[in-house]
Structure formats: structure tokens, C-alpha cells
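Protein chains: 2
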Amino acid sequence: MDKLKWIHEMAVDNGSKIILLVLDGLGGLPLEPGGPTELEAARTPHMDSLTGRAALGMSDVVAPGFSPGSGPGHMALFGYDPLEVLIGRGVLEAMGIGFPLTPNDVAIRANFCTVDADGNITDRRAGRIPTEECAKRVEVLRQIQIPGVEIFVEPVKEYRFVLVLRGDGLGANIPDNDPQLTGVPALPIRADDAASEKTAEILRQWWAQANRLLADYPPANSCLLRGISKDPGMPRFPEVFKMRSAAVAVYPMYKGVARLVGMDVIEHHAETPAEEFQVVRQHWDEYDFFFVHIKKTDSYGEDGKFDERVHVIETVDEALPILLDLKPDVLVITGDHSTPAKLKRHSWHPVPVMIAADAARFGKAGKFGETLCASGSLGFIRHVDIIPLALAHAMRLGKYGA
Amino acid sequence: MDKLKWIHEMAVDNGSKIILLVLDGLGGLPLEPGGPTELEAARTPHMDSLTGRAALGMSDVVAPGFSPGSGPGHMALFGYDPLEVLIGRGVLEAMGIGFPLTPNDVAIRANFCTVDADGNITDRRAGRIPTEECAKRVEVLRQIQIPGVEIFVEPVKEYRFVLVLRGDGLGANIPDNDPQLTGVPALPIRADDAASEKTAEILRQWWAQANRLLADYPPANSCLLRGISKDPGMPRFPEVFKMRSAAVAVYPMYKGVARLVGMDVIEHHAETPAEEFQVVRQHWDEYDFFFVHIKKTDSYGEDGKFDERVHVIETVDEALPILLDLKPDVLVITGDHSTPAKLKRHSWHPVPVMIAADAARFGKAGKFGETLCASGSLGFIRHVDIIPLALAHAMRLGKYGA
Numbered sequence: 212m213d214k215l216k217w218i219h220e221m222a223v224d225n226g227s228k229i230i231l232l233v234l235d236g237l238g239g240l241p242l243e244p245g246g247p248t249e250l251e252a253a254r255t256p257h258m259d260s261l262t263g264r265a266a267l268g269m270s271d272v273v274a275p276g277f278s279p280g281s282g283p284g285h286m287a288l289f290g291y292d293p294l295e296v297l298i299g300r301g302v303l304e305a306m307g308i309g310f311p312l313t314p315n316d317v318a319i320r321a322n323f324c325t326v327d328a329d330g331n332i333t334d335r336r337a338g339r340i341p342t343e344e345c346a347k348r349v350e351v352l353r354q355i356q357i358p359g360v361e362i363f364v365e366p367v368k369e370y371r372f373v374l375v376l377r378g379d380g381l382g383a384n385i386p387d388n389d390p391q392l393t394g395v396p397a398l399p400i401r402a403d404d405a406a407s408e409k410t411a412e413i414l415r416q417w418w419a420q421a422n423r424l425l426a427d428y429p430p431a432n433s434c435l436l437r438g439i440s441k442d443p444g445m446p447r448f449p450e451v452f453k454m455r456s457a458a459v460a461v462y463p464m465y466k467g468v469a470r471l472v473g474m475d476v477i478e479h480h481a482e483t484p485a486e487e488f489q490v491v492r493q494h495w496d497e498y499d500f501f502f503v504h505i506k507k508t509d510s511y512g513e514d515g516k517f518d519e520r521v522h523v524i525e526t527v528d529e530a531l532p533i534l535l536d537l538k539p540d541v542l543v544i545t546g547d548h549s550t551p552a553k554l555k556r557h558s559w560h561p562v563p564v565m566i567a568a569d570a571a572r573f574g575k576a577g578k579f580g581e582t583l584c585a586s587g588s589l590g591f592i593r594h595v596d597i598i599p600l601a602l603a604h605a606m607r608l609g610k611y612g613a
Numbered sequence: 212m213d214k215l216k217w218i219h220e221m222a223v224d225n226g227s228k229i230i231l232l233v234l235d236g237l238g239g240l241p242l243e244p245g246g247p248t249e250l251e252a253a254r255t256p257h258m259d260s261l262t263g264r265a266a267l268g269m270s271d272v273v274a275p276g277f278s279p280g281s282g283p284g285h286m287a288l289f290g291y292d293p294l295e296v297l298i299g300r301g302v303l304e305a306m307g308i309g310f311p312l313t314p315n316d317v318a319i320r321a322n323f324c325t326v327d328a329d330g331n332i333t334d335r336r337a338g339r340i341p342t343e344e345c346a347k348r349v350e351v352l353r354q355i356q357i358p359g360v361e362i363f364v365e366p367v368k369e370y371r372f373v374l375v376l377r378g379d380g381l382g383a384n385i386p387d388n389d390p391q392l393t394g395v396p397a398l399p400i401r402a403d404d405a406a407s408e409k410t411a412e413i414l415r416q417w418w419a420q421a422n423r424l425l426a427d428y429p430p431a432n433s434c435l436l437r438g439i440s441k442d443p444g445m446p447r448f449p450e451v452f453k454m455r456s457a458a459v460a461v462y463p464m465y466k467g468v469a470r471l472v473g474m475d476v477i478e479h480h481a482e483t484p485a486e487e488f489q490v491v492r493q494h495w496d497e498y499d500f501f502f503v504h505i506k507k508t509d510s511y512g513e514d515g516k517f518d519e520r521v522h523v524i525e526t527v528d529e530a531l532p533i534l535l536d537l538k539p540d541v542l543v544i545t546g547d548h549s550t551p552a553k554l555k556r557h558s559w560h561p562v563p564v565m566i567a568a569d570a571a572r573f574g575k576a577g578k579f580g581e582t583l584c585a586s587g588s589l590g591f592i593r594h595v596d597i598i599p600l601a602l603a604h605a606m607r608l609g610k611y612g613a
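Chains as they are written, first to last, in this note's numbering: chain A, 212 to 613; chain B, 212 to 613.
Chain A on its own, in the form it takes in the complex (with noise of 0.2 Å):
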């Protein structure tokens, strides 16, 4: 935190623009030995354009043999560190449904779950119920009251919801009450705090009257909370990098995690890489710096599908023009982490990264991919280095220390 309050002091907002274009889950492996990764394979031409007049490197996104998870994924690459700063699992998930948090919220990650008549768990997920069966539920509880909170609930997908209580003096200290086994009750509610007893207490109300009311739905007759968590308060980047800030993503967890770290969140009906660029576009005037988020490199390498990777990445590369046609000053290229197909998960693999600079030191040209990333001027770096190494791309950085 200490380099970000550095970086804060030596920033100056010039007016140049910068472009983080993260194709989620970009970095990839060979399917066979002496193959090309996903990004090697897919024919990228504007990308391989751009490599001779940028620097390349391959980047580490939390630590060595860390297979990141989106939140610690993005923290990094906003600039603060995710070894320091972790966002809690409750908080994620209200950021995946869009609900927007304030920074008085403690967020819970909640199951339903099958209890027997001794209140000992059966199955801790319920059966997996279907969405509309949860939904139910969440009707019925968003009847609890407590006094001196606001308790907001929302159904997720099948067995999982959402629940937030909104207040002053909510610590969230709290371990989650699911044993992680059947056969036993759920664990009581305890904070390890003392700036957390009062959520304990309200979490113990609401959980009782919960079991209550659930009692008469089974197989989802009792519920697990879990990650309970809040806005880990991290400063905010506009103010920090001096930069009016924006974020275009069509998954509503990115727009969270930018809306999180204090970015104006772009609202848009674009679905393609093109359309999400063209809204870009259309905003280029009022920021300085665009986060723009493409979700399906990542999806395709969690189902394993090589190919579909391929060719996500290839749409990417067409659309390209709408942003360079912007002249952005500096255009950074790269992952939140790897997703490689042959994985089909999330993988510590480091992510290839381009910035296209006039300042940047100018390597070998290629194409753009982990081989020739890996031989680039940028060497090794981390992921909370890329806002840093953008800024000073930039010229938005002054000199640290006379």
C-alpha cells in the first residue's frame, strides 16, 4: 500500500488516454508438446502489429504457482495487491448478481441446504433445487426483520443466495456456520471480533427465524452462510492514478469489482467484443482510462473447448480497429490469469501482456503469444505492476525521489 501511496504522489493527470483491454483468462498451454497456446493459434494480425512497437512480458498475477480467482485477478490488475487486499467470497457473489453494495454492507454467500429433525445437515446443498425453487425461498425470507438493520436477500442460481445486511458498526469477522459435512448441525455463529458481535447477533436472529419459516420447505429447509465479507475499503483508483475512470463489461461481477475500486460503470447493451468497443467509443471523451472486459476466453477454457478459445480470442483481434482508431496512448493488452483449455480451470500459468507505447521499449516483432511474451522487454513482472508500468507508458508518472 505503501508504493500505491508513491504512485498517488508522483501521478499527474496529463490527458492521455489509456485503454486495459483483459481477455479473461487469456493465458493458455499447448495441447501437445512443441503446440501453440490459444492465443498462438488464433490468427491475430492487428495484435502482431502492434508487437513491434510495444513492450511484451509475461506477468505473474498474484505470486508464483497462485491460480488466481476473478476478484484477486482484477484487484491486481487495477494495482492493488491481492496478497494484501482479498475480497471476501459474500461480496463477489453480490457483485456477480449486480447488486450494489455500499461500504456499510456485510455480504453473505448463503446455501439452502436439507436438515433432518435433529437439525443435523443431510445434504448441503439441498438437492442442487432449480432456480425458481430458490427464488421461492427468497421470498419467503425477505419477510425477516430485524430492527436496526436493512436485510436485503436475492436468489443466485439453484441452491445458492444472497444476503446483505446494510447498517452502521457491521464488523464482518465471522466464520462461516457451514461444517463443510453432513451428518452434523451448522456451526453456531461466533464473531472473532469484537467490531463483529453485532452481526454475529443479527446473523443469530435472522438464522433462527430463517430455519423457521424454511421449515415448512423442504428439501431447501435450512440454509449455510458463508464468506461473510465487506468492501475491503481499498482507496479509490480515479483518485489514486489521477484518471477519470471507466468500465465496459458485459458480465455483471466485472462491473462490480470496477464499480468496487471507486471506476464509473458504463451501462450498454453491447454482447460482442465490437459492440463493447464501439461503446468505447462513444464515451471516448469523457475518461482517460478504460477497463474493457471480455468474458468468453474464460468460459470456453473452463469447458475445455480449445478451439472456441481460438476463435473468441479472433473476433478480438477483428474488432480491434474501433480502439486503435481511438490512438489511445497507451493500449495494454493481457489476462486476469490463464484458463487453459487443457486445464479447463483457472491456472497460475504467468499471462502474456503487451503495452502499445510510443514510450515503450520496442522488442523483436511477432506474434503476439506466450513465446514471444516470454523473450520481451518487459520481462517478468506482476500483475499489480501493469497500472504502474501503463501510467509511466503514459507519461502520467513524475520522478520518485530527486
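Heads up, some of the hints might be wrong.
Same chains, same names: a pair is fine if it fits in one copy or spans any two.
[To be verified] In the DSS-like style, the derived pairs of lysine-lysine whose C-alpha atoms are separated by at most 30 Å in a straight line are:
id : residue 1 : residue 2
1  : 538       : 553
2  : 347       : 453
3  : 555       : 506
4  : 538       : 228
Derived by calculation from the structure, the hints in this document are not laboratory data.
Please build the complex by placing chain B on the supplied structure of chain A, with the hints as guidance.
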């Protein structure tokens, strides 16, 4: 600082010799995509002959994106983490004019300014009075005496001068009284901690007397006090690293930084690189470690003179046999930051590093420059690692742990 403690414990004095040759602002940029940097454009047969027998790498001086001033650049080169120890502007300015600071001194960088009859600042630089006008007023200010403290006033250039207070119990946690605006008076001088109260009181008295004396000398009829600071009190280089250590530099500031960390500063009349190297030769038996500083690579960078930078690098290379003939156990060639002619300023780009030593992991021979170094056996390091690496290559560091 913890790491320094370990390095100190591991260090042994085995009589080996290390030269740290610093070409100020060495790192550069190609003017055009695909072109060479300044170092790559320079004809450097002697340096090139070492590359195959040396460990090469690229180094971030402070952190990715940080463009260091000369102070942090040299602190890092000398093995002190510049994110932990920052030298104040007053101390640097005093060192820049060769003022021999002691640990008891508070150094202040002061500007003559112009105030109107109400004491409001009308020109923060007093119309940039010529240096001889500055010297005349400094002579007047030297009359001021305050009991319990020794006071030094020294002219610098145009409207700038240095004020030094010497005495016991003088803290320096006092903000500038420069409001950075015109149309308002100077800010009150106030200590930010109890240890600086005495200094603040002395400065208030000094400043009041200075204003009375300067009233007769418009346009420089007042002054602003900035960068109030002390020697940060680093552990002394010769003791930490167990080497008799000397500095050979032409410019006062670099002599000052070396003196600040406890190196001997060799007095000489050398100006060219060859002459500086001869000074090293003359004192070869007296020291284990030589810091040799070449300034002009930086000055020409700031002026945007690519070809002149190339030429200075070539004169260093031509003279290099003088150092090579001394057969140092380790020769490090690097810079304190990048100053690409293309940008006309200190920049954040990593700096090439060569550690020529028998114990180096040899890499590919070739033209010494950013491209070769980016694929070198050292990888991407930080400047604070250079001294530990030099010691290691000189077999001056034992094992860490059993």
C-alpha cells in the same frame, strides 16, 4: 533492511576487488521500432568482449514504472532499498554543491522569491535572478546568527540556495513553507513531530530575520524553505559490506551520495572517463571497492542527444582497458536509471547490467546492450540486488543458513 543485516553477516573480506562502473542514465530506447538503443548503437568492442564471460541481465532501479531521481538510483546501486530510504531534497541539493554534511545537519533547499507589501508572493522564483545576484544576497543572509546552532548559507544557481543548520537535537520533519502558489503568503513553519520543534523555532527566527534583511534587495526580497531534511542515517557501506570503499566521480552530487554512505571520496582533477579510470589505477591498492561514476551519458539524454550519448559510451569503452588491466575480480557495468534521448528525461525502463567475473554463469556472447541483456543469465533483477550479486561473484558472501 533485514536483508542488509543478513548480507552483513554473510560477508567476508577475502581481499578481492570489485569495480562498479556506473554510466549515469545508461538505459536507452530505440528511436524507431526495430532500431538500436544508444548503447546498442555504440561501438563497444571491449564491453562486447566481456559479454560471453559475464552474467547479463536487466534491472528495475526502484520498481516497475518508477522513474528514479539520482538519489534513489544511487541508493539502490549501493544496496539500500530506495523504497525504504529516501534522501530529502535539501540533503541532495547540499550534496550537489559539495557541502560536507554531517549527521547533525538539517539541510534546506531554499528559493529566493518576490513578495508584495502585504507579504503575498508575486513570483516564486524572484524573476530568476542571475547567480551572482543570488551570491550577493547569500552574503547578506550569512549575518544571521541564532544561539545554539551553527548556520551555513550557500548559493546554488539563479534563485536557489542551500541553508544548513548544524546542532544537537534538530529533527527535520517540517513541511515546506512554499505554498506552490502566488497571491498568498508563505505558509507558517510548523514541526510535524516533537523532535523537530527546535528546528522549526530556529527556522521561524531565521526566516523572520531573513525577510527583514532581504527587504532592501528586491526582486529577491524574501525566500521559501523546501525539502527540509537530514542524512537518513543508512548503515555505512564499508562496514556493512566489509570492503574498503572509494568513489571516483566528477560531479559533486555523486561524491556527496557516496560520502553519505561512508565511502572515501578520492579527490582528483579527472574529467574524461580515461582520466577517471587512471585515478582508480593510482589508488588500486588502497581499496577493495571502487564506485566509478560517468555523468555525461545522462546529461546528453536529458538534452535529447542520441548521437552524443552514443559517443560518450564509446569513450568509456575506449578507456576500459585501463580498468581491465587492473584485473578486478568483479567488474559491474550498469546505470543508475535510464535516460533515453527519445524521452529527454529519466525513465522507468529497466537498465542493462553486466557482471564480469570468473564465477558468472556465462551466457551468449554478443553486443552489450538491452536486447542481449534481456535474455541474460541474471534475468530481470532489481538494482538493490546488484551489490549482493557483485559480492557473491567476488566470493565475498558465505552461506545463508546451514
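Hint numbers not upheld by this structure, sorted from lowest to highest: 2
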